[in-house]
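> Okay, here's what each chain looks like letter by letter:
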Amino acid sequence: MIYFTIILISIMLLCGIIAAISKDLLFAVIAAGMASFITAILFVFLQAPDVAMAEASIGAALVTALFVLALKKTKRSE
Amino acid sequence: MKKIIAILFLLVLSYGIYLSINSIPFGVSKTKVGNYYNLNGVKDTGANNIVTAVVLNYRGFDTLGEVTVLFLAVLGFSTILFTMKKKKSDNMPTPPSLILSIGCKFLFPFVLLFGIYIFIHGHLSPGGGFQGGAVIASAFLLFYLVKPSEKSSKKSFQLIESLSGMAFIVIGILGLVFGNYFLSNFLPKGIAGKLISAGIIPLIYIFIGIKVGSELTGIIDRLMGKNNEKQVK
Numbered sequence: 018m019i020y021f022t023i024i025l026i027s028i029m030l031l032c033g034i035i036a037a038i039s040k041d042l043l044f045a046v047i048a049a050g051m052a053s054f055i056t057a058i059l060f061v062f063l064q065a066p067d068v069a070m071a072e073a074s075i076g077a078a079l080v081t082a083l084f085v086l087a088l089k090k091t092k093r094s095e
Numbered sequence: 004m005k006k007i008i009a010i011l012f013l014l015v016l017s018y019g020i021y022l023s024i025n026s027i028p029f030g031v032s033k034t035k036v037g038n039y040y041n042l043n044g045v046k047d048t049g050a051n052n053i054v055t056a057v058v059l060n061y062r063g064f065d066t067l068g069e070v071t072v073l074f075l076a077v078l079g080f081s082t083i084l085f086t087m088k089k090k091k092s093d094n095m096p097t098p099p100s101l102i103l104s105i106g107c108k109f110l111f112p113f114v115l116l117f118g119i120y121i122f123i124h125g126h127l128s129p130g131g132g133f134q135g136g137a138v139i140a141s142a143f144l145l146f147y148l149v150k151p152s153e154k155s156s157k158k159s160f161q162l163i164e165s166l167s168g169m170a171f172i173v174i175g176i177l178g179l180v181f182g183n184y185f186l187s188n189f190l191p192k193g194i195a196g197k198l199i200s201a202g203i204i205p206l207i208y209i210f211i212g213i214k215v216g217s218e219l220t221g222i223i224d225r226l227m228g229k230n231n232e233k234q235v236k
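The listed protein sequences derive, respectively, from chains P and B.
Quick note on numbering: my numbering labels position 28 of the first sequence as 45, and the sequence is numbered without any gaps.
Quick note on numbering: my numbering labels position 229 of the second sequence as 232, and the sequence is numbered without any gaps.
Worth flagging that the hints you see were computed from the coordinates, not collected in a lab.
Think of the CB as a built atom: it goes at the ideal place given N, C-alpha and C, for glycine as much as any other residue.
Among the hints, erroneous ones may be present.
The calculated lysine-lysine pairs, modelled on DSSO-like cross-linking and capped at a C-alpha distance of 30 Å, are [to be verified]:
hint, chain 1, residue 1, chain 2, residue 2
1, P, K90, B, K150
2, B, K157, P, K90
3, B, K35, P, K89
4, P, K40, P, K89
5, P, K89, B, K192
6, B, K150, B, K108
7, P, K92, P, K40
8, B, K157, P, K92
9, P, K90, B, K108
10, B, K192, P, K90
11, P, K90, P, K40
12, B, K108, B, K33
13, B, K35, B, K46
14, B, K108, P, K89
15, B, K46, P, K89
16, P, K92, B, K46
17, B, K46, B, K157
18, B, K158, B, K108
To spell it out: a stretch of chain B is covered by chain P in this simulated footprint if at least three of its residues, at any positions, have a beta carbon under 8 Å from a beta carbon of chain P; those stretches are [claimed, not checked]:
hint, segment
19, 19–32
20, 60–67
21, 215–223
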């Protein structure tokens, strides 16, 4: 369990770094969505299902979709 | 010189933060209010989900502020998008693939139903109005992915949103009339664990769910279906 959590957190950190430094903004958006999805899983481990639900539905689904739609209206690369 | 002053300032600031954090013991309950909610929450409010009890009963006024913040954010968003000049581009959206269209058509009613379930059962199980509204908005996102040319009336979204926002405040004022204070729980609490229980909490969560769902759907609609509206004219 603890090793699984460590793996999840390291993937999350990697996603966050990719989201911060990536020049391709679509990559950055997808990485940020992945990071918030892993955050939702970690919230379930920490026994906070309310926050996990909000994070999964807003952070992982809606915000990612909004960013992708906004990228469609602007430029893809930084 | 400037940098040295900045570093000194940062050092003093971090020392102050360290002092204030260091005086708080880690991992023990700092205030008694959390324990009170855990022990007496169900008895006081009739809601099984303590988070809902805190959000809508003990801290109901903060939730009204939260809803207002969301409303203002959507208002600003739509103001910017309405005044923005439309750049001329290819208005023909690419048709969705077969897998996407069939899958989304199949999933849309179930996701919608799940969202409605989340906010109706907000006082019994994890979740609530905000989460349920977001799930409903993602259901509409699926719907718009399949049919990008579908025209929806923005007026109806705004009407539903405003009416449910007003209903929240009206319930609060009714609490002022029949109870003691704004947003007081004036309906009978019922048996904890039943669907119809906890007084005004399920009512308010239903209105918040409808409001958040229509707001977020309105955002997605404005982002996805703007070109089509101009095209029709």
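> Could you run down the list of hints and mark each one as holding or not?
Structure-based check of each hint:
For the hint linking K90(P) to K150(B), the alpha-carbon distance of about 18 Å falls within 30 Å, and the restraint holds. Simply put, K157(B) and K90(P) have alpha-carbon atoms about 20 Å apart, close enough for the 30 Å limit, and the pair holds. Distance restraint check for K35(B) and K89(P): the Cα-Cα separation of roughly 50 Å exceeds the 30 Å cut-off, and the hinted pair is therefore not satisfied. Of the pairs offered as hints, the one joining K40(P) and K89(P) holds, with about 16 Å between alpha carbons and a cut-off of 30 Å not exceeded.
For the hint linking K89(P) to K192(B), the alpha-carbon distance of about 49 Å lies beyond 30 Å, and the restraint is violated. For the hint linking K150(B) to K108(B), the alpha-carbon distance of about 10 Å falls within 30 Å, and the restraint holds. Distance check on the hinted pair: K92(P) and K40(P) sit about 11 Å apart at the alpha-carbon level, within 30 Å; holds. Straight-line distance between C-alpha atoms of K157(B) and K92(P) comes to about 27 Å, which keeps the hinted pair within the 30 Å bound.
The straight-line distance between the Cα atoms of K90(P) and K108(B) is roughly 26 Å, inside the 30 Å bound, and the hint therefore holds. Distance check on the hinted pair: K192(B) and K90(P) sit about 50 Å apart at the alpha-carbon level, beyond 30 Å; violated. Straight-line distance between C-alpha atoms of K90(P) and K40(P) comes to about 17 Å, which keeps the hinted pair within the 30 Å bound. Proposed proximity of K108(B) and K33(B) is contradicted: the alpha carbons are some 50 Å apart, above 30 Å.
In summary, the hint linking K35(B) to K46(B) is supported, as the alpha carbons are separated by about 17 Å, within the 30 Å threshold. Straight-line distance between C-alpha atoms of K108(B) and K89(P) comes to about 23 Å, which keeps the hinted pair within the 30 Å bound. Distance hint between K46(B) and K89(P) is unfulfilled; the C-alpha atoms sit about 51 Å from each other, more than 30 Å. For the proposed pair K92(P) and K46(B), the alpha carbon gap of about 55 Å is over 30 Å, so the pair is violated.
Of the pairs offered as hints, the one joining K46(B) and K157(B) is violated, with about 43 Å between alpha carbons and a cut-off of 30 Å exceeded. Distance check on the hinted pair: K158(B) and K108(B) sit about 25 Å apart at the alpha-carbon level, within 30 Å; holds. Figure legend: the segment 19–32 of chain B, annotated as covered by chain P; annotation inconsistent (0 residues with Cβ-Cβ distances under 8 Å, at least 3 required). With a cut-off of 8 Å between beta carbons, the segment 60–67 of chain B has 0 residues touching chain P; three or more are needed, and the interface restraint is violated.
Here the segment 215–223 of chain B counts 3 residues with a CB under 8 Å from a CB of chain P, which clears the bar of 3, and the coverage holds.
Checked against the numbered hints given earlier, this structure breaks hints 3, 5, 10, 12, 15, 16, 17, 19, 20; the rest are met.
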